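Protein chains: 2
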Amino acid sequence: MQTWKLTLAYDGMELCGWQAQPGVRTVQVEMEQALRRLFEGENIVVHGSGRTDSGVHALAQVASFRAERERDPEKVRLALNSMLPSDISCLKAELAPFEFHARYWATRKTYRYLMWEGDSRSPFWEGRALKLRRRVDWQAYDAALACYRGTHDFTAFQGPPSDPPRPTLRTIERADRSIMDGPHGAVHATTFEGPGFLRYQVRIMVGTALEVGQGKRDIATIPALLALAKSSSRDDAGKTAPPEGLYLVEVRHRDA
Amino acid sequence: MQTWKLTLAYDGMELCGWQAQPGVRTVQVEMEQALRRLFEGENIVVHGSGRTDSGVHALAQVASFRAERERDPEKVRLALNSMLPSDISCLKAELAPFEFHARYWATRKTYRYLMWEGDSRSPFWEGRALKLRRRVDWQAYDAALACYRGTHDFTAFQGPPSDPPRPTLRTIERADRSIMDGPHGAVHATTFEGPGFLRYQVRIMVGTALEVGQGKRDIATIPALLALAKSSSRDDAGKTAPPEGLYLVEVRHRDA
Numbered sequence: 504m505q506t507w508k509l510t511l512a513y514d515g516m517e518l519c520g521w522q523a524q525p526g527v528r529t530v531q532v533e534m535e536q537a538l539r540r541l542f543e544g545e546n547i548v549v550h551g552s553g554r555t556d557s558g559v560h561a562l563a564q565v566a567s568f569r570a571e572r573e574r575d576p577e578k579v580r581l582a583l584n585s586m587l588p589s590d591i592s593c594l595k596a597e598l599a600p601f602e603f604h605a606r607y608w609a610t611r612k613t614y615r616y617l618m619w620e621g622d623s624r625s626p627f628w629e630g631r632a633l634k635l636r637r638r639v640d641w642q643a644y645d646a647a648l649a650c651y652r653g654t655h656d657f658t659a660f661q662g663p664p665s666d667p668p669r670p671t672l673r674t675i676e677r678a679d680r681s682i683m684d685g686p687h688g689a690v691h692a693t694t695f696e697g698p699g700f701l702r703y704q705v706r707i708m709v710g711t712a713l714e715v716g717q718g719k720r721d722i723a724t725i726p727a728l729l730a731l732a733k734s735s736s737r738d739d740a741g742k743t744a745p746p747e748g749l750y751l752v753e754v755r756h757r758d759a
Numbered sequence: 504m505q506t507w508k509l510t511l512a513y514d515g516m517e518l519c520g521w522q523a524q525p526g527v528r529t530v531q532v533e534m535e536q537a538l539r540r541l542f543e544g545e546n547i548v549v550h551g552s553g554r555t556d557s558g559v560h561a562l563a564q565v566a567s568f569r570a571e572r573e574r575d576p577e578k579v580r581l582a583l584n585s586m587l588p589s590d591i592s593c594l595k596a597e598l599a600p601f602e603f604h605a606r607y608w609a610t611r612k613t614y615r616y617l618m619w620e621g622d623s624r625s626p627f628w629e630g631r632a633l634k635l636r637r638r639v640d641w642q643a644y645d646a647a648l649a650c651y652r653g654t655h656d657f658t659a660f661q662g663p664p665s666d667p668p669r670p671t672l673r674t675i676e677r678a679d680r681s682i683m684d685g686p687h688g689a690v691h692a693t694t695f696e697g698p699g700f701l702r703y704q705v706r707i708m709v710g711t712a713l714e715v716g717q718g719k720r721d722i723a724t725i726p727a728l729l730a731l732a733k734s735s736s737r738d739d740a741g742k743t744a745p746p747e748g749l750y751l752v753e754v755r756h757r758d759a
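Residue numbers (our numbering), protein chains in the order written: chain A, 504 to 759; chain B, 504 to 759.
If we strip away everything but chain A, and leave its shape as in the complex, we get (with noise of 0.2 Å):
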């Protein structure tokens, strides 16, 4: 029995997600047919760092399994790559330590949320970065993003809780923009950094900063809802950004 380590790439845009569901496609349930095939058989079930959601995207999403049969590395990304569909591919197939997985060993997460500023549809960012359709003061923007660095109470910063509630102090270590030159116009990436991020977090940070950057509200009402911790609501916070623009860039895990 060996554990398995694989880096992974996907195009959010035509998949529902990480997890498996009955009936459509899934990033999860697309590796374990390919691996169930690779591994002649064996129920393999693959654990992801985190469940990307429908339509976000990934250019290096951590994800182990167990398998008895033993497998050259390099042949198993060879192989992977030849039987996944052109919208997922293997980076990198690892062997790691027997007790390595991929959610439970993840210490740091990266995340990227790209936005386009252009007057027209674009065949190139059509699902891989939200599209603006009003002017966004990108120095207020920016000073909302500032407001989210540190530890704080996330709970109004979530979507449904998860069952058994997970903790809703985070870190954010890095929540900053960048801009990118894209084909049609200018491409405004936010990064953000930390140890780990509620579900939906990150869409609703983006979209609550969106607010504060296109006028319709005001910056003070987010260190106030970081304040009010456990009390805060939900429905006080922006909406969730459109998950097009969302890319989950890099997972770090532990040594050993």
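Read the hints as simulated data drawn from the structure, not as lab findings. Treat the numbers as computed from the prediction; the structure is a model and nothing was measured. Any given hint might turn out to be false.
Copies of one chain are not kept apart here, so a pair can be met inside one copy or by any two copies together.
[What the hints assert, rightly or not] Under the rule of at most 30 Å between Cα atoms (straight-line distance), these lysine-lysine pairs were calculated in the BS3-like manner:
{"#": "1", "residue 1": "K578", "residue 2": "K595"}
{"#": "2", "residue 1": "K719", "residue 2": "K742"}
{"#": "3", "residue 1": "K578", "residue 2": "K508"}
{"#": "4", "residue 1": "K719", "residue 2": "K578"}
Given the coordinates of chain A, assemble chain B onto it according to the supplied hints.
Chain B alone, transformed into the frame defined by chain A:
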């Protein structure tokens, strides 16, 4: 009767090029269908600045057409973007001088060819850049590019000659390579600029320079083929690089 100038972007991955052909999706057919609806059944013919081949992309192709009915340019752009499929978008719609013709008035074109070095598949670059399977000596590749600059007879660097044949004496004003940072490693972008190109010329120039960079061809064969002019043969140049790496980036036109 008015003459229109459109600036279009398209992801060529699932398109069979510019030119109308029976039974397949092409940019010309999609544009003419949308414009005929928009101009209430007028039999509109759209001319591109050039025919991009199947699988080739455009960041800013220019097209022209004439229509009897008068329309507001901004409404034409919005209506086109609501009618066109998601892989084609209209970046600009303008009224042009009556005699304007996207092809005959073109004075200069810029093409870019993207190549991606990575040892896996990439769901983001698949169909949008050439994946390099062998190491390239980029200094040798750049030296090969330099041979194309200037005015030469490119007989050996064209696909099947058009009928009537077009002049093979062409001027390449720019042929150089830059590196773009991609999500999965470096992307090499080769840019070509000149008053006009022969059919497949950019792809054959790239394919031949790649053979030099991959140690499969002596660089001296390039100036030799250019010097042989009309007595050179297509068979002595390199392979045509695949279409997925090619982007029509810009087309400039004379003023009036």
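| query | Hint numbers the structure violates, sorted upward? | reply | none
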